[in-house]
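Assemble chain B onto chain A, guided by the hints.
2 protein chains.
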Amino acid sequence: MNFDREIEIRVEEIESVLKSYLPEEEGNPETDWAKTVITAMNYSVNVGGKRLRPLLMAETYRLFGGDGDVIKPFMAAIELIHTYSLVHDDLPAMDNDLYRRGKKTTWAVYGETMAILAGDGLLNYAFETALKVFGMPGNDAAKSAKALSILAKKAGIYGMIGGQTADIEAENLGEDVTLEHLLYIHKHKTAALIQAAMMVGAVLAGADDEQVGLIEQAAYDIGIAFQIQDDILDVTSNLETLGKPVGSDAKNQKTTYVTIKGIEAATQEQRAMSDHAIEQLRSLEKEGFQNEFLTALVRSLITRVR
Amino acid sequence: MNFDREIEIRVEEIESVLKSYLPEEEGNPETDWAKTVITAMNYSVNVGGKRLRPLLMAETYRLFGGDGDVIKPFMAAIELIHTYSLVHDDLPAMDNDLYRRGKKTTWAVYGETMAILAGDGLLNYAFETALKVFGMPGNDAAKSAKALSILAKKAGIYGMIGGQTADIEAENLGEDVTLEHLLYIHKHKTAALIQAAMMVGAVLAGADDEQVGLIEQAAYDIGIAFQIQDDILDVTSNLETLGKPVGSDAKNQKTTYVTIKGIEAATQEQRAMSDHAIEQLRSLEKEGFQNEFLTALVRSLITRVR
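Protein chains in written order, with this note's numbering: chain A, 2 to 307; chain B, 2 to 307.
Please note that the accuracy of each hint is not assured.
Note that the list lumps identical chains together, so a pair holds whenever it fits in one copy or between two copies.
[To be verified] The calculated BS3-like cross-link candidates involving lysine-lysine, where the alpha carbons are at most 25 Å apart (straight line), are:
| # | residue 1 | residue 2 |
| --- | --- | --- |
| 1 | K144 | K133 |
| 2 | K245 | K188 |
| 3 | K133 | K147 |
| 4 | K133 | K188 |
No wet-lab data here; the hints were simulated from the structure.
So that you can see chain A by itself, here it is in the shape it has in the complex (with noise of 0.2 Å):
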């Protein structure tokens, strides 16, 4: 497997699934004084990202033998959550950045109050986008008002919302913040996401609530330790590379998992639980599941290098 090639063509794909999805920006009655917002909408979208998370919804569905395309609206779905994470994230009131993968953010092109709504609507845009399952052939109602929980439970204040309010209690705490907090707000801001990415890819295919288990488990391991390169990255990394500017934990004085156990035992750790989540998949292998792909994935999760 020439898995550079392979991932090109799968993220081709993905992007393609999300156009599919994107709202129009022109011709629509319904939206003719709401065009700011949408092209607000569709340029956070369109700044590009590595899509990992509908790569691996798209894949755990496969590994569980999913072939339809019941998938795809919740593809689109979790990305745009994603997405409206980073527009809000990035906002004078929180994290005041000007830049994101190299490009300007929303806010900085289309100013705070249209990138405030643009990150509501594309929270509110992606509940839309994956209620479309009950209009598609295929569609189980009860996978899909399973997988729809999931993804909203994970991405609310059990879950991603949860994380970033924790991150924002850490910035006021400096350098006392414990492991115990770093790790509730890595759960929560980073992996509950990539939790969900997993399990609605599971749950689609038609995995039961054991095997859902294990996703979930496999995914809490593979989101700790790509939150923990996104640190060490933050030191050993340069802004060309990156796409955004490096050192920044230091300068913020912020608490990492890198600052708390050193460079060295971080990579350590994360190895451990890479390796884990791999073993985890391959437990499948027994009851004859298996997605190579998937594994070299999450493989090349922790030697990224942005």
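The following block gives chain B in isolation, referenced to the frame of chain A:
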């Protein structure tokens, strides 16, 4: 019928439904470091309000013979959506309001960052809450999915968020705002959520497409008439009665239905819309659907003083 007493009883019921769905502030380890956002969310909901949208939803449900519990998560959800829109509207980057309903706004109490997250949290939690219908006895998956899709669409860029965007654009135009633009704002910013409320009630009670279409029309008239009353009260009321500063439209040189049409014509048109909505509801009587309280409620919306 003692309308004032009847509405009091119903609003009490709504408060208890709302309360039953609000997230716990204590005792859940999943939200150990997320308590602030939950407290801010609950504060925003508990500041109060007319609870008009859940009221219209429950009464439309009753109009079409609905008598189950499946309406309850949707009643909570629509009030959560309404509340989030106010929390974000009040932000410094939006209307910069310190008071609402005589109480401090969410950002004035919890700060801007937490108010952004609380708004996001409320919107997300609205969907989490509505999705609970799928686990309830008496759930009809097709109806619930349809109700969810209506709610999501009317709250988003094709509804409320579209209207908010148009409203922001209007602020920049000042007195150059056209009647067409203004009606677009009211239709989307105000009427859309009232349409969602009543349509969800109709759908869950089993109304057919034609009946849901009639309710959508009636709710449009109700929404516009309701909004014009807001514009009228901003001219004719006072701080004590209204619970918020009056004369703000004139101060902000804001174009309203009243500034374009004058207060007499605005009052007349508003009355005509209200009458038309009631006529439409009455037309359902021949099919055996009748709800005197709902009719009285619609009539009361244009005579309200706050």
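Outcome of the hint check:
When the C-alpha separation of K144 and K133 is checked against a cutoff of 25 Å, the pair qualifies both within a copy, at 14 Å, and between copies, at 14 Å. For the identical chains of this complex, K245 and K188 are intra-copy neighbours only, at 23 Å inside a copy versus 41 Å across copies, given an alpha-carbon limit of 25 Å. Taking the shortest Cα distances, K133 and K147 sit within 25 Å of each other both inside one copy (14 Å) and across copies (10 Å). In this homomeric assembly, K133 and K188 come within 25 Å of each other (Cα to Cα) only across copies, at 24 Å, whereas the closest approach inside a single copy is 29 Å.
Consistency with the previously given hints is maintained throughout, with no hint failing.
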